[in-house]
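Protein chains: 2
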Amino acid sequence: MPVYYEDVEVGDVETHGDYEVTREEILSFAERYDPQWFHTDPDRAAEESPYGGVIASGWHTAAMTMRLLVEGTLAEAATVGAKGVDELRWPEPVRPGDTLRIENEVLEKVPERPERGLIRARTRTYNGDDEAVFSMIGNVMYLRRGDD
Amino acid sequence: MPVYYEDVEVGDVETHGDYEVTREEILSFAERYDPQWFHTDPDRAAEESPYGGVIASGWHTAAMTMRLLVEGTLAEAATVGAKGVDELRWPEPVRPGDTLRIENEVLEKVPERPERGLIRARTRTYNGDDEAVFSMIGNVMYLRRGDD
Numbered sequence: 001m002p003v004y005y006e007d008v009e010v011g012d013v014e015t016h017g018d019y020e021v022t023r024e025e026i027l028s029f030a031e032r033y034d035p036q037w038f039h040t041d042p043d044r045a046a047e048e049s050p051y052g053g054v055i056a057s058g059w060h061t062a063a064m065t066m067r068l069l070v071e072g073t074l075a076e077a078a079t080v081g082a083k084g085v086d087e088l089r090w091p092e093p094v095r096p097g098d099t100l101r102i103e104n105e106v107l108e109k110v111p112e113r114p115e116r117g118l119i120r121a122r123t124r125t126y127n128g129d130d131e132a133v134f135s136m137i138g139n140v141m142y143l144r145r146g147d148d
Numbered sequence: 001m002p003v004y005y006e007d008v009e010v011g012d013v014e015t016h017g018d019y020e021v022t023r024e025e026i027l028s029f030a031e032r033y034d035p036q037w038f039h040t041d042p043d044r045a046a047e048e049s050p051y052g053g054v055i056a057s058g059w060h061t062a063a064m065t066m067r068l069l070v071e072g073t074l075a076e077a078a079t080v081g082a083k084g085v086d087e088l089r090w091p092e093p094v095r096p097g098d099t100l101r102i103e104n105e106v107l108e109k110v111p112e113r114p115e116r117g118l119i120r121a122r123t124r125t126y127n128g129d130d131e132a133v134f135s136m137i138g139n140v141m142y143l144r145r146g147d148d
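Here the protein sequences line up with chains Z and X, keeping their order. Residue 9 in the working numbering sits at position 9 of the first sequence; the count goes up by one each step and never skips. Residue 63 in the working numbering sits at position 63 of the second sequence; the count goes up by one each step and never skips.
Calculated directly from the structure, the hints in this document are not laboratory data. The structure displayed is predicted, hence computed values, not measured ones. A hint or two may mislead.
Chain copies aren't distinguished; within one or between two, either way the pair holds.
To be verified - Here are the simulated lysine to any residue pairs, SDA-like style, with alpha carbons at most 25 angstroms apart:
(1) 109 x 4
(2) 83 x 67
(3) 83 x 131
(4) 109 x 86
(5) 109 x 51
(6) 83 x 127
Construct the entire structure; sequences and hints are all you get.
Structure, rendered in structure tokens:
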């Protein structure tokens, strides 16, 4: 059963996981999309980086979060994509060996058009020590049933 | 020569490119991180999607933008990563065959700490038809020379 705009309630909270972060995936994403040394060079990162070792690209963390969202909250959602994201933050680094999970909370519904509405939801990503490593407010377009 | 906080001026504008977007890369990124049908299923997307065909995951567009930033504006920058991003938008979809370039404009400098400062810059990504397909305001931490 698709989840339409009308099926989503402000205050809905869901958690989804887990995503196991490997060193290989951190390096391979960063080499392709974010080849800064603190993402791609474990030796230099161990010696020179304020993080004490290689950390995931922030865009990789966003992408892993999206994977958990798509498998979880959005799995049955009747969406046609997102308009954008606000207040995207990376409060703590993501490291090899971390296990990530997400919490998604619906903040606001905006009817917008007869055929679709906007769902504003805050997604927070946590590591195995319950530290928030990522957060954002997404603006996702949901189709409306049209029967109300 | 590393580019420190002191070397960046409000109003600086740079453009960098190009990035050729292939169908293979759109599908492969989406299968891994954003497996929604309008990113992964060209046949269904051609028939059912409002976009008329498969489009890149918004996180893929962000990642390709980051690649252009890292090769361009950030290539010599003395940064230790970003705190976050505001006002991230995807005004138009990215499609197979698109050629992307970025424009980066420095909006604000915040001294923050003796050893580092924050550079707020707007990055816009354009396709070959000069349509903006992505924009964001990044908050990047630059090291300070410490000689001023």
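Evaluation of the provided hints:
| no. | hint | result |
| --- | --- | --- |
| 1 | 109 x 4 | within (12 angstroms within a copy, 43 angstroms between copies) |
| 2 | 83 x 67 | both (18 angstroms within a copy, 22 angstroms between copies) |
| 3 | 83 x 131 | between (28 angstroms within a copy, 16 angstroms between copies) |
| 4 | 109 x 86 | both (15 angstroms within a copy, 20 angstroms between copies) |
| 5 | 109 x 51 | between (39 angstroms within a copy, 24 angstroms between copies) |
| 6 | 83 x 127 | between (27 angstroms within a copy, 18 angstroms between copies) |
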